[in-house]
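> Could you put together the complete structure from these sequences and hints?
Protein chains: 2
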Amino acid sequence: MATLSDIGVAAAINILSAFAFFLAFAILRIQPVNDRVYFPKWYLKGLRCSPLANGAFVSQFVNLDFRSYARFLNWMPAALQMPEPELIDHAGLDSAVYLRIYLLGLKIFVPIAFLAFTIMVPVNWTNNTLEHSGLTFSDIDKLSISNIPNGSLRFWTHLVMAYAFTFWTCYVLKREYEIVASMRLHFLASEQRRPDQFTVLVKNVPPDPDESISELVEHFFLVNHPEHYLSHQVVYNANKLSELVNEKKKIQNWLDYYQNKYERNPSKRPLLKTGFLGLWGESVDAVDFYTAKTERLSRDISLEREKITSNPKSIMAAAFVSFKTRWGAAVCAQTQQCRNPTIWLTEWAPEPRDVYWENLSIPFVFLTIRRLIVAVAFFFLTFFFVIPIAIVQSLANIESIEKALPFLKPIIEVKVIKSFIQGFLPGIALKIFLLFLPTILMIMSKFEGFISLSALERRSASRYYFFQFINVFLGSIITGTAFQQLNNFIHQSTNEIPKTIGASIPMKATFFITYIMVDGWAGVAAEILRLKPLIIYHLKNFFLVKTEKDREEAMDPGTIGFNTGEPQIQLYFLLGLVYAIVTPILLPFIIVFFALAYVVFRHQIINVYNQEYESAAAYWPDVHLRIIVALIVSQLLLMGLLSTKEAASSTPLLITLPVLTIWFHRFCKGRYEPAFVRNPLQEAMMKDTLERAREPNLNLKGFLQNAYIHPVFRSADDDKIHVAMEEWEEEPSLIATKRRSKRSTPLSSKHGGSSFSSPEANKERSKP
Amino acid sequence: MATLSDIGVAAAINILSAFAFFLAFAILRIQPVNDRVYFPKWYLKGLRCSPLANGAFVSQFVNLDFRSYARFLNWMPAALQMPEPELIDHAGLDSAVYLRIYLLGLKIFVPIAFLAFTIMVPVNWTNNTLEHSGLTFSDIDKLSISNIPNGSLRFWTHLVMAYAFTFWTCYVLKREYEIVASMRLHFLASEQRRPDQFTVLVKNVPPDPDESISELVEHFFLVNHPEHYLSHQVVYNANKLSELVNEKKKIQNWLDYYQNKYERNPSKRPLLKTGFLGLWGESVDAVDFYTAKTERLSRDISLEREKITSNPKSIMAAAFVSFKTRWGAAVCAQTQQCRNPTIWLTEWAPEPRDVYWENLSIPFVFLTIRRLIVAVAFFFLTFFFVIPIAIVQSLANIESIEKALPFLKPIIEVKVIKSFIQGFLPGIALKIFLLFLPTILMIMSKFEGFISLSALERRSASRYYFFQFINVFLGSIITGTAFQQLNNFIHQSTNEIPKTIGASIPMKATFFITYIMVDGWAGVAAEILRLKPLIIYHLKNFFLVKTEKDREEAMDPGTIGFNTGEPQIQLYFLLGLVYAIVTPILLPFIIVFFALAYVVFRHQIINVYNQEYESAAAYWPDVHLRIIVALIVSQLLLMGLLSTKEAASSTPLLITLPVLTIWFHRFCKGRYEPAFVRNPLQEAMMKDTLERAREPNLNLKGFLQNAYIHPVFRSADDDKIHVAMEEWEEEPSLIATKRRSKRSTPLSSKHGGSSFSSPEANKERSKP
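Sequence order for the protein chains is A and B. Under full-length UniProt numbering, read the first sequence as residues 1 to 768, first letter to last. Under full-length UniProt numbering, read the second sequence as residues 1 to 768, first letter to last.
Derived from the structure by calculation, the hints contain no laboratory data. Keep in mind it's a predicted model, so treat the numbers as computed, not measured. Hints are supplied without guarantee of correctness; some may be wrong.
Derived DSSO-like pairs (lysine-lysine); straight-line CA-CA distance at most 27 Å [unchecked claim]:
| hint | chain 1 | residue 1 | chain 2 | residue 2 |
| --- | --- | --- | --- | --- |
| 1 | B | Lys-107 | B | Lys-669 |
| 2 | B | Lys-248 | B | Lys-174 |
| 3 | B | Lys-261 | B | Lys-249 |
| 4 | A | Lys-324 | B | Lys-324 |
| 5 | A | Lys-687 | B | Lys-107 |
| 6 | A | Lys-446 | B | Lys-669 |
| 7 | A | Lys-669 | B | Lys-446 |
| 8 | B | Lys-248 | B | Lys-669 |
| 9 | A | Lys-240 | A | Lys-446 |
| 10 | A | Lys-669 | B | Lys-499 |
| 11 | B | Lys-268 | B | Lys-540 |
| 12 | B | Lys-293 | B | Lys-540 |
| 13 | A | Lys-261 | A | Lys-540 |
| 14 | B | Lys-307 | B | Lys-403 |
| 15 | A | Lys-261 | A | Lys-240 |
| 16 | B | Lys-499 | A | Lys-499 |
| 17 | A | Lys-250 | A | Lys-532 |
| 18 | A | Lys-324 | B | Lys-687 |
| 19 | B | Lys-307 | B | Lys-240 |
| 20 | A | Lys-669 | A | Lys-249 |
| 21 | B | Lys-249 | B | Lys-293 |
Written as structure tokens, this is what we have:
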């Protein structure tokens, strides 16, 4: 058990390292050469231009204004100054609400800590159970519930506190849910006209022998939404094309690299080996090699594009259908279209940049099968992830390395190296796995078939939280792998589980305090330094960048990373709620984390992170749910702990807490969740009416027609789209011909307005 | 343990008693005097008239055609003859699909029994574990899994069978779900125009200081559904009025009784004591007394009606809103109207006769609180229901009776009476409780706030099933009260629970066989005799009936009783699935139950039961879910049983079964459940278009205006409604005046068409 002074030393180390990170950041950020690393958001918004362009040569790269070094912490108040409405405008509602999660932590834990320290700590402290017990103990334990003798009446304090904390948390949660819901509604209402307000995504369009997907969609919606249907946009299966485009980009990078190299040293043409990783094989001229490769790829790309637009099979069984009014779209998104509920599925179209195009045409049956596979895979990942790592570790020990690569033996046998390998290799396998975990979870979500980036991230976040709950939280409290725990739990009685965990909670307090300081304090401080983007940017800058546009591309602003960031915060909520009653000394550490993280991430959101999509805080129900789960876990564990303390009379009182909490959750779900899922008709009608009054001659078709084109087409077809757009207004919107008898050739897409916006039609039209 | 011959004797007794019931039924049903007891459905349909009207006097009451006695079982083929489409037409889809549950039982268990007897029974039989064990055993045990030695490889047979049974059950379930869903959709599509197709129930209309509920509803829907809104109907709080009407009916019965008595014996005017239960107090002339009472009640009723229609406070915050098209109603029912998801809640209006009027105006917050209260109450009811019964039992023993009523002592001390009381009284308390259980559960559902009778019955059914599962199924396997079980389970490890239950399952087979024969065979046969309605009908007939209309009212056709009948069937599904692997000898008994019940209930549905409402088989998802639950329970228990049999290698194979079953359930839920919850727009549009083409001049407003009037008003206002209906067509549908400044007096409801259909308006209009 660590004493208070041990904790003090650890705190000092972590505070110092956090301070060091801040200092390094303060120095690096005011160097003009790093400007694009630390302020990319402003570049993306076009509000800042390169400081390299003017001024003396040296001051282009290094800041020589020494006064600015003195104010090295002034970014903190600056980060706090931007008011919330401006922040929403600047970085989107997602980011602004994300910051509110940290604030929520402060709102919950500051009053709880105050109460705990004024009431509960004195109650704990004024016992001397531990002194009489003969066990070793520290001052921290004297402050905790461990110091209260078994069966003492003082446990009533903890019981009352448990109620107080639960009610306070629920109150804050409810208020926050209310605020976020109204922020979301206000954001959606006050926002500019956006294509997704008018558009619905239709999935699982059934195949039809007589009509193409495009015709079918048009006819279906003209018949079933006759007064509201405006146009539609079919979805092309451009996965291969975008692969090719990505490859071309990579090759182009290499070409740039060698061209730069050649320009700097024109005397020698750079050579390249064509074999594996450029290590062996025939030597060729690198510039020529890559030029040829780029050209070949360009040809492939245009061929592939041709194929996509001419082949009806590359049209996926999904479409974006636009309506004349928001009301029409709201109606279509919320209703069932067809008597078979697995075809003609409609839902709100995600923002165009939020669409995850690859998943748009997975049939219903496959979706359910994929879900089953992912559920099983995730179960094994969570409970058995230790097994493959153990195998890797057993393979990566010294004996097996010596066996496999005998020539390394003399080197390995050196004592320093040997101990290094022994101490380091097993850990590295685990570390690599944990590093790749978010990616693995993301791949799982993608496989599961979500159709927007925001949904992918939300799903990954809940999986990551579950993984952390099992493997970090429970794994630290009850040592042993997750699978061993699972096995224990199955063989333990239901009321033994909270007892086992609850009883070992007070003992792990110091461990978690250290964890919070390392992961929460120093980790958050390291986030602001952005070491990896800094290095990569300078590498790219040196090797690849030729034009200002290249430099733009070399920036890597990153995103908030909801799928990893939010589960981390949730772990702190869990720790705070669990330890609030048991070992209140943990609370100040958590409060410091929330405060620090709030400032740091506010700064990052304002200056660094790029907004990939805007889901208008659609993740809040998840956040709310997880805090509720943490609350219930804390209540169950407290019940387990108290029952080992022979305070059995408290059980009936404690068991009502989770019941009330679950009820509170259901109440909140009914009261606020619809704001995050559905779109009220009243709202839609109000905006429609306003818009009709303000802009009676609005050309909505023109506004919507190219909103939902696959980004691969968008980048290349800018000019062609213009041609198509001009033709729009001349076309009358007529109901196309009805179903005909069998026709074997695919339609030439002359029927109905919608097909004009397809690349196919664009191509035809742009021909002379 | 009962031997095969014991079972044979029990079977003989039950078959004989079933046969006796059938015989009694066969004789009673062909007596003309009982015609209204055994064929009320035909009277209700107006297809049969009283046999008392013509023929010789004796043959009016007794059937003298002795040939008809010979064919006493001919109702069975007759019951089976009516084809399903005709049955749907005759008794509604609910009843027809309800019968399919019995058929489903046959479809599942006949092939399973066949497989079990050809493969598993020989495997079990050819061991002699039991003979060597030295335990007492019966032939039944020799057929069961108990006869297989621990750790035997023969368990693989059971494992394969478990898979086969699961797949077969799932296959049948899926096919049935598909058929029922398409039956429902076909029924809804082919049905006549019904008011609920066009109508949506709006709950939680927010209060408004400026406008009455009626105006508010009209304005809201005129603004938000401008092209589809037709009219609306406010809901009056007529609970007190209907109480008064019911009381008047009761008093009227007494009045009739005494008038009849007086007519039969005009020499003596019947007297009545006014005190408690007519046992003491002043004697008065009964006819005069009740005549005065009826008159007073009539006055009260008209006063109350006046009050309701003139007082705006008696208008509840709910309304039935009708639309011009089915499409408009489908849209409104499926969408969220307002940004606050707890007001302006819309849902499909239930059928007019299905509406449960009392619950129409419970605010959202109260609903969630009520739900919590009912959940907690139901938990205690299920697990602690034994406690109050035990208290009653302890009060109702001989000593306490003697203490309370000492003068009874000599009677009680008689040996026969004493043993009767001792043996009978404790049982009677339990029996009374179980008799009232469905009523208690129904009251709970009503308190919870469901707004249609069908929903009330569905909810009661699931509660009743849960209660039976805990107290009949588990309670019989592990003897002890539910609370003791709960306590055991909490203190047992998670994998011990299926083991404990699983291990005692084979031992309880004979008990359940007896249970099936008593409850399933003889009970179902008793159902057809309708002893209680028979007696009550003849009593009423003798004392109250004067006119043909009175006789009509004396009939008590009853209903299917979904809330008690369906859970009973589900218990048999559970028993069948659980014992299919363990003791297959139980299966034939279950098959006989399903076959017998199918015939009996088909007969009852055709000839007896009245259809209270038509929910178009909305209960099928519940039925499906409960069979799935039974399947999963059977799999878990088999796992527990096999693990005690040292067939541990089967666990991983068995654990995939529940996973697959749950996945199957989720697949079915996604695939078929929407057909039971939502209404596809395509369907609605199709019917609208057809109707427009067929009846272009349809007066929909006239059709809809009085559909959703509280039945209390309906019965009395028949003539007034006619007046109102005529005025309808003259009224133009104009958009009412917009919101005005403060106005303190309630509106006189002259604005908009909707208010004309209110009783208030009717009354005003019917005045000279």
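> Against the 27 Å threshold, does the CA-CA distance of B:Lys-307 and B:Lys-403 hold or violate the hint?
53 Å, violated
> Is it true that the CA of A:Lys-669 sits at most 27 Å from the CA of A:Lys-249?
46 Å, violated
> Does the alpha-carbon distance linking A:Lys-687 and B:Lys-107 stay inside the 27 Å limit?
55 Å, violated
> Just to be careful, I want the Cα atoms of B:Lys-499 and A:Lys-499 compared with a cutoff of 27 Å; is the pair within it?
23 Å, holds
> Would you check the hint for B:Lys-107 and B:Lys-669, treating anything up to 27 Å between C-alpha atoms as holding?
21 Å, holds
> Holds or violated: are the alpha carbons of B:Lys-248 and B:Lys-174 at most 27 Å from each other?
51 Å, violated
> Could you grab the alpha-carbon distance between A:Lys-324 and B:Lys-687 and see if it respects the 27 Å cut-off?
With a Cα-Cα distance of about 24 Å, the restraint between A:Lys-324 and B:Lys-687 holds, given a limit of 27 Å.
> Is the Cα-Cα distance between B:Lys-248 and B:Lys-669 27 Å or less?
Roughly 48 Å separates the two Cα atoms, so the pair is violated.
> Compare the distance between the alpha carbons of A:Lys-261 and A:Lys-240 with 27 Å, and conclude whether the hinted pair is satisfied.
32 Å, violated
> Check whether the Cα positions of A:Lys-669 and B:Lys-499 lie no farther apart than 27 Å.
38 Å, violated
> Are A:Lys-446 and B:Lys-669 close enough, with their CA atoms no more than 27 Å apart?
23 Å, holds
> Is the hinted pair B:Lys-293 and B:Lys-540 satisfied, with a Cα-Cα distance of at most 27 Å?
21 Å, holds
In this structure, the earlier hints numbered 2, 5, 8, 10, 14, 15, 20 are contradicted, and the remaining ones agree with it.
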